[in-house]
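Colleague: Generate the whole structure from the sequences, applying the supplied hints.
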Amino acid sequence: MDDLEYLILRYGDHLSQNLHYRDGSDQHTVQRGLFLYRQNRVRSLRLSDDILYATVQDVVPAQVELDLYLEHGSCTCPEKRICKHQMAAFFAVYGRFFPVSEWLETWRDRSEQEQLSLGIFSSASPKKGPVAEPKGKGSRKEILESTARKAAKSFVKSVVSEKNDMSSLFFQIYADMAIQKIDDSLSSDWEMTPVEMVFACTVFLQGVFEELEKVPDLSSETTENFLDLFDVFVGKIENAIARMPRPLPFKAEPLLNRLASISGKFLEREEPFFTVRLYLYWKIWADLLKDISRRKKEFDRLSRLFKKGGENELLAQAFLCHFFLAGRMKETLTALNAFDNGYYFLHHIFLSYSLDNGDLRTAEKILASILHILPGVIENRSPDEIRRFHSWLEGKLFSYAEESGDYDLAEKLFSGLFPHSARSLIRLFLKTEQYGKLSDLLLAAGYGVDNIEGKLLKEISRKDPESLLAIYHWSILREIEAKNRNHYRRAVSHLKKLKAIYKKLKREEEWNRYFDRLLKQFRRLSAFREECKRGKLIHEA
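For the sequence shown, counting from 1, position 479 maps to 612 in my numbering; every step adds exactly one.
Subject to a maximum C-alpha distance of 25 Å in a straight line, what follows is the list of computed DMTMM-like cross-link-like pairs (lysine to aspartate or glutamate): (1) 314 to 238; (2) 384 to 420; (3) 429 to 403.
Listed next, with one range per pair, are the computed distances between beta-carbon atoms: (4) 179 to 445: 47 to 53 Å; (5) 645 to 515: 47 to 53 Å; (6) 420 to 283: 25 to 31 Å; (7) 517 to 192: 24 to 30 Å.
Think of the hints as simulated: they come from the structure by calculation, not from any bench.
Quantities reported herein were computed from a predicted structural model and do not represent experimental measurements.
C-beta atoms are modelled at their ideal positions from N, C-alpha and C, and glycine is treated no differently.
Modeller: Below you can see the structure in the form of structure tokens.
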């Protein structure tokens, strides 16, 4: 164990001594801190001289400092004692080295042992060490599944009222309680804890889906609350998969086999939450259930379901996921290109998977398919949806282009999304030093010289001054047509810079013809002519 791990454990011990499990206020502090941590609200985590610095995103962002050596914490929030922000920062650093559930178990056990030592629970016997198994009989698989299903049923019953109008705050409190039940059900076996986490979260979500199928309608607020909940649980699943030992231990097989079966239940109903069901199914099979024989068995199961018939779009898209994972790109691309109605979620997950695994050849094929369906995206999606589509695609495109050196495909896709992609195209043309196209784009977007950062303007002027001629011409006309002396002064400033560009290009005669035409065009604007004289563009005879 290194010094940092020792300091973190010691600080955790300090917190468990000063917070009492059976104290309602302390329990609330820990619970809210745990919620902030699980929502990934801890940002800018850094360590310097044994002091942990963190920003916790709350209604009002809080700056936290934890002195791990002196065992002292401070926060910019009004709370004078240990607060939820300090707890969130602690969980963030603790979770990098140890399971957070381990600290929670130790904290609970310490509090109960302290009260036992005081004779508060005369009929109870103290626990020894952390709890490895929750109460109950049966295998780990049975215990985890039972706990998660009960948590799901209790959760949905609590948050879905007859009017479906539960506030976000109470929804989050019940979500915290469900998460706590799942955390408490996990074992202390470091090899199995991540596998158990994925299994329990998957069972919980499937239980939530089953309970929601009994609810006729959800209010828009409750639907949004559930989407936030799914984001939290998907994040937990993704983090657990990332922490799993490779290869997985043989003792994980019963859970994996059961997980394969449960994931198939996501496909039995398309609603509610079609996309969430599909993504969860994909995540489990793409990142965890990688065994070829297990995947073939699932592929055969889906094939049999297809032969039975029935309209189930979710099942069809899950089937396509297995074509992709099996490397059957011809069938995959044929199906993807058929989504001409603007649906692109499978493109999203396939492209992300390809880039994450460094498979640039497959990424190129997926991007070409996106280019194929792009007219459908533009035609069938609202402006907000198109902006979200572009926001997602931008990072992926630049990642692909920078790794492959192929910027042409990125340019075609961004051009197809114009004007939503104006800033992306500017970035791309700068990266590839296509200053002529950049100038045309700026003009098309209604940007003049004043909209270009000075440093960038100098760079373009140095590398490709000719590309600036058109944008200077347009900017000068815009200033003059404003018919205001301040605008005339800006026009003269632009004219002087334009004259310098023509001189640099050794095209002084062209400048003279341009300037003479400009003076004739605006000969009635005496104030403009006066500013030209002041700028020494016109010399008196």
